[in-house]
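Trainee: Below, each chain spelled out in residue letters.
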Amino acid sequence: MLRLFILLCVSNMVLGQDANKTVASVISQMNRVKNYTVDARIKSDIPLIKILPVKAKIEFKQPDEIKMKTQGIAILPKKGFTDLAIMLKNKSSYTAIFTGYEVVQKIKTESITLLPSNDAGEIVLAKIWVNTGEALILKSQITTRTNGTVVADYLYGKQKEFGLPDELTFSVDVKKFKIPKGVVVDINRTKTAEEPKNQGKMGTIHILFSNYSINSL
Amino acid sequence: MSEKIIEIKSIAKKFGLFEAVKDVSFHVNQGDVFGFLGPNGAGKSTTIRCMLSLIKPDSGSIEIFGKSIFKHRNEILSRTGSIIEKPDFYKYLSAYKNLEIFSRLSRVSIGKKEIYNMLDFVGLGGREQDKFSSFSHGMKQRLGIAQTLLHNPDLIVLDEPTTGLDPQGIIDIRNLILRLKNEQHKTVILSSHNLAEIEIICNRMVIINKGVSVVEGDVKALMNNEDLVVRLELSDKDKSKAVILSQYPNIQITDINDTSIELPMEKSKISELNKDLVQAGIGIFSIEAKRKLEDYFIKMVNA
Amino acid sequence: MIFIKSIYNEVIKIALKPRSYLGIAAITVLVGVILFALKSDGMSIISFVTSSFEQTLSFEGNVLNGNLVAFIILQMLIVQIPLLIALVTGDLVSGEAAMGTIRLLLTQPISRTQLLLSKFMAGGIYTLIVIVWLGFMSVIMGKMLFGTGDLMVLNSDGLVILQEADVNWRYLGGFLVAFLALFTVSSLSICLSCFTDNSIGPIVTTMSIILLFTIIGTLDVHVFDSVRPFLLTTHMASWRSFFEDPLPIQDIKNSILILLIHNILLISISIYVFNKKDITA
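Residue numbers (this note's numbering), protein chains in the order written: chain A, 1 to 217; chain B, 1 to 303; chain C, 1 to 281.
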């Protein structure tokens, strides 16, 4: 047991530097983008919610100013949209630990766990899967104290040199979703309503980005 | 012979167990001013309501203008105007607006001018825009009469039309009814407790009591069959009685007070009675024939 | 022609009766209060509704917009509006008897059936005015104060977010069905009005029926399942079906049919009773 522990520590010491290096390369790519605007099409598929795809315009300015103007109501994950980028850029707020290699989107990626330095903070744990060859995050997972776990899959296209994805797919935990009783006055139902069963455990929010305009503001 | 305008045959009406009308029959001729008499609860109101299709009788027939009220209701009512009991209008509307509402339902074109003229005619000129709720009882009655006459009906049914009117108003209504009869040849049915009015205005009448028609006919003819009741105020009552009994031994004399007596007498014999008393040296302070219809009415009702 | 004149008469009578404006004033005040409350703290109402979703999701965009405000207003006033209608229409026949004007009215050369139908029509016109005013106050004023946007509706089977362009026709359809439902309330009150000479009785009875049926409709027990499909109040709220996705067309058609049947029955009963009635008032 002691030997295993030592082995892990040593591995970490060696490979921990790699995790930081990988994270740094990702941040460096992100910092190339001073600002951008992009059109987004947000499609949400969440149990107990019916919503058609919504168009939006997103505007970003360094370091973390993000504005969204939607045509209508859009549903986004509460955490996970901008939190990862903010967390990554604040190097002192976490410790990056290499946790192995995994194949994501048929690409070998480095799996890096980001342990928050502040135990009392909102983010409990974060994980990224990085394509080290292109310094691109292909998948992320953020677990927060109050908002559960959000997993994001990244698909890149023409803007991958800036680390900006063409598609983002979020998976959210929806087990706790319930219709509040007493609020809905369904007196037009003719039968006693059965409690609507929340069949799905996960909901997805898919965002399609187009017409990026980078560093033009 | 005048045409029959109204013919009512054996109508009966029960409300639950209560027989409001048992057997009422009468007819009204064209141009009649027809008196409709009866004590309270006799069935007058029910009969009038049956005539005007407000109540459906259980049996019997009602024909107006030669047609059944049950089959030709609208046609008959378009030629009829009526006040039933007290005239009720929409309290929150003005006199003008009230008449306008009802004028729209008549089959005659009635404009603003006609309504204003009618209001003026019944003595409500200047009060056209006042709300009905602000009217006195007499004014309400006048408005009722205005509504009744507005569409120039051939048959007019008036239920207690002079109730609440001042003496001038009563005279006005009397004269109006006589004008309607004499100048416009309308047929009028007049239900009233004012027997003096009936006696003056009506040419024919029916008396009903306890839901049954008791007597029907020409007013004068019915009255002429009965004696007058003569009241005398005299200087010597006892001597007067002796004089009268000597001429009319079977006559019934009633003491009214120390100086007055009453006795039935044919109209033609009153002057002779007067002469006999004067010749006997009796002073006559007053001599009056009592309203005959009152007595006749009471007699018929109590019979 | 006389029928049209009679309808005009009845509308004039309603228009000139002070009580008719109680309903309009009540709607103005009630909606005004709700608009003020929502403007002050509307987001807390929305948060209460979406509380279980908001742990994981955030709703971007103009959530508290005129469309949602109008929907909230309609939901809140669903029980009150029938009362305001019955307050006027419940008086249309019995009020005439109480006032004594029925004697005069029924000695006019218009059939009782035509007269009664003209009252139904006038009641319908009043109902339409109330609904249009409610629509103006809720939808138009709502949009003026809160802007416009997608409509978020919480149904018993989940949250539906309807796109802005998809909302107006739903409101139109909803209001049309709501009008039919309220016309049925009007018909019920006029029908009850034919049975009595008392002015207040039909109004109170109509409201009691609406409340009783509403309670039966909202009680979550199976024993009322056989009765519920035929209750007037079940279909009174069918305007809400226009805000479901997909649109339950068959349910809406059923509701319209049931409401129409209610109206035919109520009007038929009224005509029968009114024609047979002896006017002793």
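Treat the hints with care, since some could be wrong.
[Stated by the list, open to error] 25 Å max Cα-Cα, derived BS3-like pairs, lysine-lysine: (1) K131(B) / K277(C); (2) K17(C) / K112(B); (3) K71(B) / K143(C); (4) K253(C) / K57(A); (5) K97(B) / K17(C); (6) K253(C) / K50(A); (7) K86(B) / K253(C).
Please keep in mind that the hints were generated in silico from the structure rather than gathered at the bench.
Trainee: Evaluate each hint against the coordinates.
Mentor: Structure-based check of all given hints:
no.: 1; hint: K131(B) / K277(C); in the structure: violated (30 Å)
no.: 2; hint: K17(C) / K112(B); in the structure: holds (22 Å)
no.: 3; hint: K71(B) / K143(C); in the structure: violated (58 Å)
no.: 4; hint: K253(C) / K57(A); in the structure: violated (40 Å)
no.: 5; hint: K97(B) / K17(C); in the structure: holds (13 Å)
no.: 6; hint: K253(C) / K50(A); in the structure: holds (23 Å)
no.: 7; hint: K86(B) / K253(C); in the structure: violated (51 Å)
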